[in-house]
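Given chain A, work out where chain B should sit, using these hints.
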Amino acid sequence: MVVVTLGFIIDAFSAAIFAGFLGALFGIGGGMIIVPFLTAFLGIPIHEAIAISIVSVIATSNAGGSSYVEQRITNIELAMFLEVATTAGALVGSFIALLLQSWELFLIFVALLAYVAFASFKTRHTDETRIATGGFVNTKQDRLAKFLNLTGTYYDAKEKKDVPYAVTRAPEGSLISSLAGVVSGLLGVGGGIIKVAAMNIFMNVPMKAAVATSKFMIGVTAATGALLFFLAGLVDPYVIAPVALGTTLGATVGTWVMPRVKSSALKVAFGFLVIYLAYTMLAQGLALGFNVHLPGAG
Amino acid sequence: MVDLNKAMYDVLMGGMILSSATYVLGIALFIYQNQNPLQTGVLHYQSVAEFIAALSTLRSSAVLTLATMFLIATPITRVLISIFVFAFNHNPKYVAVTAIVFLILIASILLGYFGHFTPE
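Protein chains in written order, with this note's numbering: chain A, 1 to 298; chain B, 1 to 120.
I should point out that these hints are in silico values taken from the structure, not numbers from a laboratory. It should be emphasised that the depicted structure is a prediction, and the values quoted were computed from it without experimental measurement. Yeah, the Cβ is synthetic: ideal placement off N, Cα and C, and Gly gets one too. Some clues are possibly wrong.
Said to hold, decoys possible - Below, computed lysine to aspartate or glutamate pairings styled on EDC-like, alpha-carbon distance capped at 20 Å:
#	chain 1	residue 1	chain 2	residue 2
1	B	Lys93	A	Asp142
2	A	Lys146	A	Glu172
3	B	Lys6	A	Glu70
4	A	Lys140	A	Glu104
Claimed, not checked - Partial list, derived from the structure: chain B residues whose beta carbon lies under 10 Å from chain A:
#	residue
5	Lys6
6	Met8
7	Met16
8	Ser20
9	Val24
10	Ser47
11	Ile76
12	Ala87
13	His90
14	Lys93
15	Ser108
16	Tyr113
Bound conformation, chain A alone (with noise of 0.2 Å):
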């Protein structure tokens, strides 16, 4: 039960701006900053807050997704074949909600967000290096990548030139992307930088195509819940409302923004993102599995 105000609406609806901004910076939903705040501040069950936003999640997608397309930055035909992964592992990820507890897929989770942390800083200088020296073209396809002739090339706004790219290892990055199909699926959010991730540091796709593209498929992954949650009437029109308006105005800002920042910059802001989510789903997994409670996290 929610009281809905005039206040209450601008409040939501300038915390999901916010998000919105974010979520387009580095191609992720914002539901990690979208479902504390309402939980939080506003008061909503912890269910209603998933599915808002859920629903926000497609909203955003709309509107970054949208926005990269017209921009070419979005590799459409990369996004279809990842996406047969992430719908096939949500789809999978509620049978496995019946095998594993929750606390132990947060802790898996955990240690996978560990590894593309240390990899986003690890690696935040590899694309401006390989995109002066064209390196992301020079790569040897795998089998299935070159028949499924996955390439593609943006235009750098910052670098202010093409960038031609390869994509390979398509096998092992569609493996790591059904991943984030499986725990956005279960756990609600931690999709998106999967996704980034699987195509950043696996695919050889650049950081920015990666998060337009990422921006593109979330929608589609976030649609089956959200049409769950939304049937089974868990979606209050009046929380959604502001939620879904704000996310959409700060996704078209953050996609304007997106690709006039350096790569290197984009990757140590997104390696913090991720040590944050690992931070606050490390807390959970303990608080749920050990009754231990971290300083700072709900």
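Same frame as chain A, but now just chain B:
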């Protein structure tokens, strides 16, 4: 050849404008209809007929619910449209890839709905 970028942009942009405009209309109706703070939480329509009745009298909750429907339909429509674009452009590999995505989506929705599975 149909430009895939243009087609995807049109679908996403169309969905964004349609849902955003409907949300704005719903919020305007809410402000107009409710001078006092509103207690929400009991807004689940029991039937399609009830929803349509509320919509026809421009009840803000029904208008906002319609906006959410437009929103959720957008990515599903985007996948469906891309199957046709790939088919039109004689790209059978991606017709297959996209059709698989669409089938998994529909299967997940049906399984979730009839299995009474609410994602956490």
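Compare the structure with the hints numbered earlier in the document and write down the numbers of the violated ones, lowest to highest.
Hints 4, 10, 12, 13 not satisfied by this model.
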